[in-house]
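As you go down the protein sequences, you meet chains H and Z in turn. Using our numbering, the first residue of the first sequence is number 1, and each one after it goes up by one. Using our numbering, the first residue of the second sequence is number 1, and each one after it goes up by one.
Since the hints were made in silico from the structure, they are not lab data. Each hint should be verified, as a subset may be incorrect.
Stated by the list, open to error - Distance windows between CB atoms, simulated:
no.: 1; chain 1: Z; residue 1: 252; chain 2: H; residue 2: 13; range: 23 to 33 Å
no.: 2; chain 1: H; residue 1: 99; chain 2: Z; residue 2: 84; range: 21 to 31 Å
no.: 3; chain 1: H; residue 1: 13; chain 2: Z; residue 2: 355; range: 46 to 56 Å
no.: 4; chain 1: Z; residue 1: 156; chain 2: H; residue 2: 87; range: 56 to 66 Å
no.: 5; chain 1: H; residue 1: 85; chain 2: Z; residue 2: 351; range: 40 to 50 Å
no.: 6; chain 1: Z; residue 1: 11; chain 2: H; residue 2: 99; range: 53 to 63 Å
no.: 7; chain 1: Z; residue 1: 206; chain 2: H; residue 2: 5; range: 53 to 63 Å
no.: 8; chain 1: H; residue 1: 99; chain 2: Z; residue 2: 17; range: 34 to 44 Å
no.: 9; chain 1: Z; residue 1: 121; chain 2: H; residue 2: 112; range: 53 to 63 Å
no.: 10; chain 1: H; residue 1: 80; chain 2: Z; residue 2: 362; range: 31 to 41 Å
no.: 11; chain 1: H; residue 1: 71; chain 2: Z; residue 2: 351; range: 36 to 46 Å
no.: 12; chain 1: H; residue 1: 19; chain 2: Z; residue 2: 118; range: 46 to 56 Å
no.: 13; chain 1: H; residue 1: 71; chain 2: Z; residue 2: 88; range: 38 to 48 Å
Stated by the list, open to error - Residues from chain H that keep clear of chain Z, each with C-beta distances beyond 10 Å, as calculated:
no.: 14; residue: 28
no.: 15; residue: 71
no.: 16; residue: 76
no.: 17; residue: 82
no.: 18; residue: 109
no.: 19; residue: 112
Claimed, not checked - Computed footprint of chain H on chain Z, listed as stretches where at least three residues anywhere in the stretch have a Cβ under 8 Å from a Cβ of chain H:
no.: 20; segment: 240 to 251
no.: 21; segment: 294 to 308
no.: 22; segment: 325 to 335
no.: 23; segment: 363 to 370
Built from N, CA and C at the ideal position, the CB exists for glycine as well.
Here is what each chain is made of, one letter per residue.
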Amino acid sequence: MAYSEKLLDYFQNPRCVGEIPDAHAIAEVSNPVCGDVMKLWVKVDDGRIQDAKFKAQGCSAAIATSSYATEMLIGMKVAEARRITRDQIAEALGGLPASKVHCSVLASDAIKEVLKGF
Amino acid sequence: MRPEVVAAMMPVFTEHFGNASSIHWFGQQAKSMMDDARQQVARLINAETAEVVFVSGGTEADNLAIRGIADSQRAKGRHIITSRIEHHAVLHTCKDLEKQGYDVTWLPVSGDGLVDPEDLRKAIRPDTILITIMHANNEIGTIQPLEEIGQIAEDADVYFHSDGVQSTGKIPVDVRKLKVDLYSMSSHKIHGPKGVGALFVRKGTILKPTMTGGGHERNRRSGTENVAGIVGFGEAARLAREGLKTDMPRVATLRDRLEAGLKSKIELIHVNARNAPRLPNTSNIMVDYAEGEGLVISLDLKGVAVSTGSACSSGSLEPSHVLTAIGKTPDEAHGSLRFSLSTMTTEEDVDYVVETLPGIVERLRELSPYYKRV
Numbered sequence: 001m002a003y004s005e006k007l008l009d010y011f012q013n014p015r016c017v018g019e020i021p022d023a024h025a026i027a028e029v030s031n032p033v034c035g036d037v038m039k040l041w042v043k044v045d046d047g048r049i050q051d052a053k054f055k056a057q058g059c060s061a062a063i064a065t066s067s068y069a070t071e072m073l074i075g076m077k078v079a080e081a082r083r084i085t086r087d088q089i090a091e092a093l094g095g096l097p098a099s100k101v102h103c104s105v106l107a108s109d110a111i112k113e114v115l116k117g118f
Numbered sequence: 001m002r003p004e005v006v007a008a009m010m011p012v013f014t015e016h017f018g019n020a021s022s023i024h025w026f027g028q029q030a031k032s033m034m035d036d037a038r039q040q041v042a043r044l045i046n047a048e049t050a051e052v053v054f055v056s057g058g059t060e061a062d063n064l065a066i067r068g069i070a071d072s073q074r075a076k077g078r079h080i081i082t083s084r085i086e087h088h089a090v091l092h093t094c095k096d097l098e099k100q101g102y103d104v105t106w107l108p109v110s111g112d113g114l115v116d117p118e119d120l121r122k123a124i125r126p127d128t129i130l131i132t133i134m135h136a137n138n139e140i141g142t143i144q145p146l147e148e149i150g151q152i153a154e155d156a157d158v159y160f161h162s163d164g165v166q167s168t169g170k171i172p173v174d175v176r177k178l179k180v181d182l183y184s185m186s187s188h189k190i191h192g193p194k195g196v197g198a199l200f201v202r203k204g205t206i207l208k209p210t211m212t213g214g215g216h217e218r219n220r221r222s223g224t225e226n227v228a229g230i231v232g233f234g235e236a237a238r239l240a241r242e243g244l245k246t247d248m249p250r251v252a253t254l255r256d257r258l259e260a261g262l263k264s265k266i267e268l269i270h271v272n273a274r275n276a277p278r279l280p281n282t283s284n285i286m287v288d289y290a291e292g293e294g295l296v297i298s299l300d301l302k303g304v305a306v307s308t309g310s311a312c313s314s315g316s317l318e319p320s321h322v323l324t325a326i327g328k329t330p331d332e333a334h335g336s337l338r339f340s341l342s343t344m345t346t347e348e349d350v351d352y353v354v355e356t357l358p359g360i361v362e363r364l365r366e367l368s369p370y371y372k373r374v
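Throw the hints in and build the complete structure from the sequences for me.
So, in structure tokens, the structure goes:
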């Protein structure tokens with residue numbers, strides 16, 4: 001298997017799973033390449049992300065990158081969060097096999113989408 | 001590989017390492033071992049020994065059959081008929097021939113993956129030179145009505161090739177009854193070594209070799225023979241023939257136990273091709289609200305090796321062409337799993353999967369934003 005230990009850990013024990021009932025923004029994105037989906041909930045106060053949760057239906061890489069990216073968001077300034085790139089997410093999880101690089105796009109797209117109104 | 005296969009191969013590496021094409025005694029010894037293997041493979045499909053051509057595997061067998069006929073018959077016509085659910089070795093070879101100016105008809109299949117012989121009959125034209133339709137499908141296990149197809153091909157006087165890689169050794173195969181002119185086989189699918197296979201070529205078939213050189217295999221396929229591989233293949237063929245009546249019904253029972261067990265423990269799962277005649281060892285299921293690659297990785301971490309038709313796991317990022325052809329949407333194919341059983345699979349193995357998979361599915365569904373919103 002070409003996945004790192006860290007990625008497998010985030011796939012098997014994903015952090016920040018769930019929904020936020022009183023979220024300030026919700027985004028749902030799907031990957032046009034393979035059909036994976038991610039939904040992201042955030043609470044934003046004073047330009048800073050107070051809380052974030054996600055749900056995803058997709059492969060192990062999609063779930064792990066979604067979880068890692070959601071965790072990254074918490075406590076981050078909106079402006080800073082907007083600059084998160086897919087490569088940053090993939091690298092933090094030990095890189096992705098060539099055929100799975102597109103999976104990290106899901107999380108970076110969701111972040112951009114959910115922060116649109118702030 | 002079966003231990004008997006390894007045992008049969010070992011002496012070829014240590015004692016009988018002669019070149020089967022040499023006339024010295026140890027070359028001839030290798031040749032005689034190869035002849036025995038050829039006989040075993042021939043027997044498995046009721047062919048004559050001279051009709052068995054050893055090649056490097058199923059892919060080469062398919063290439064030799066299709067390109068060999070396309071080339072030798074080009075003066076007669078350039079029309080080939082195949083199905084939409086062929087293995088890539090046939091599919092991509094036919095696509096390549098399309099690029100070279102051949103005309104290919106891609107027959108549709110039913111929801112269970114069956115070709116309608118009537119569709120085939122209607123597709124035949126005066127310039128049709130080859131019909132190539134697989135015996136059994138590698139992903140969903142559907143067994144085609146090959147005898148009927150063979151009769152249509154014979155009546156129309158068109159060469160008929162079938163990719164028998166999945167069916168050989170799993171169900172009885174009689175090339176005379178099936179009326180095939182060419183039939184592809186692979187050694188490792190019947191617990192033989194990888195890197196060896198065979199093409200049955202009916203006596204009198206005009207086939208242009210794809211591999212030219214020293215004229216090995218009665219001028220059908222040049223290249224020094226893979227004697228150890230061939231000997232192993234022969235032993236695997238012998239064992240497969242012995243086990244057809246005993247091992248395979250047992251494997252089918254295990255497959256049924258697996259499917260019944262999973263259906264009783266997991267909601268919203270579907271067994272593909274369940275209404276068609278199927279191979280005893282193949283089970284293809286679709287799990288709603290879970291993705292195949294995630295299921296495969298989760299099972300792998302628990303020691304179970306399976307595969308999926310999900311786009312996420314294929315290099316091309318396309319969902320399985322077989323699942324698409326039987327009418328499944330990319331979303332449905334997204335959650336597909338293929339279990340391959342064998343003579344070595346035990347009841348405990350099956351029960352372990354039935355115990356393990358429900359938790360995995362439940363976990364992935366908990367993560368899904370769509371589940372429970374039904």
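Hints, verified against the model:
1. Z/252 - H/13: 23 to 33 Å: Between residue 252 of chain Z and residue 13 of chain H, where Cβ atoms are some 38 Å apart, the hint is violated.
2. H/99 - Z/84: 21 to 31 Å: Distance hint for residue 99 of chain H, residue 84 of chain Z holds at roughly 24 Å.
3. H/13 - Z/355: 46 to 56 Å: 21 Å, violated
4. Z/156 - H/87: 56 to 66 Å: 57 Å, holds
5. H/85 - Z/351: 40 to 50 Å: 46 Å, holds
6. Z/11 - H/99: 53 to 63 Å: 42 Å, violated
7. Z/206 - H/5: 53 to 63 Å: 57 Å, holds
8. H/99 - Z/17: 34 to 44 Å: 40 Å, holds
9. Z/121 - H/112: 53 to 63 Å: 56 Å, holds
10. H/80 - Z/362: 31 to 41 Å: Holds, since residue 80 of chain H and residue 362 of chain Z (Cβ atoms, about 36 Å apart) stay within the stated range.
11. H/71 - Z/351: 36 to 46 Å: 37 Å, holds
12. H/19 - Z/118: 46 to 56 Å: 52 Å, holds
13. H/71 - Z/88: 38 to 48 Å: Since residue 71 of chain H and residue 88 of chain Z have Cβ atoms about 40 Å apart, the given range 38 to 48 Å holds.
14. 28: 7 Å, violated
15. 71: At roughly 14 Å from the nearest Cβ of chain Z, residue 71 of chain H sits farther out than 10 Å, so the non-interface label holds.
16. 76: At about 22 Å from chain Z, residue 76 of chain H clears the 10 Å cut-off, so the statement holds.
17. 82: 23 Å, holds
18. 109: 15 Å, holds
19. 112: Holds: least Cβ distance 18 Å, greater than 10 Å.
20. 240 to 251: violated (count 0)
21. 294 to 308: holds (count 5)
22. 325 to 335: n = 3 at 8 Å, threshold three: holds.
23. 363 to 370: holds (count 6)
Hint compliance for this structure: hints 1, 3, 6, 14 and 20 are not met, and every other hint is.
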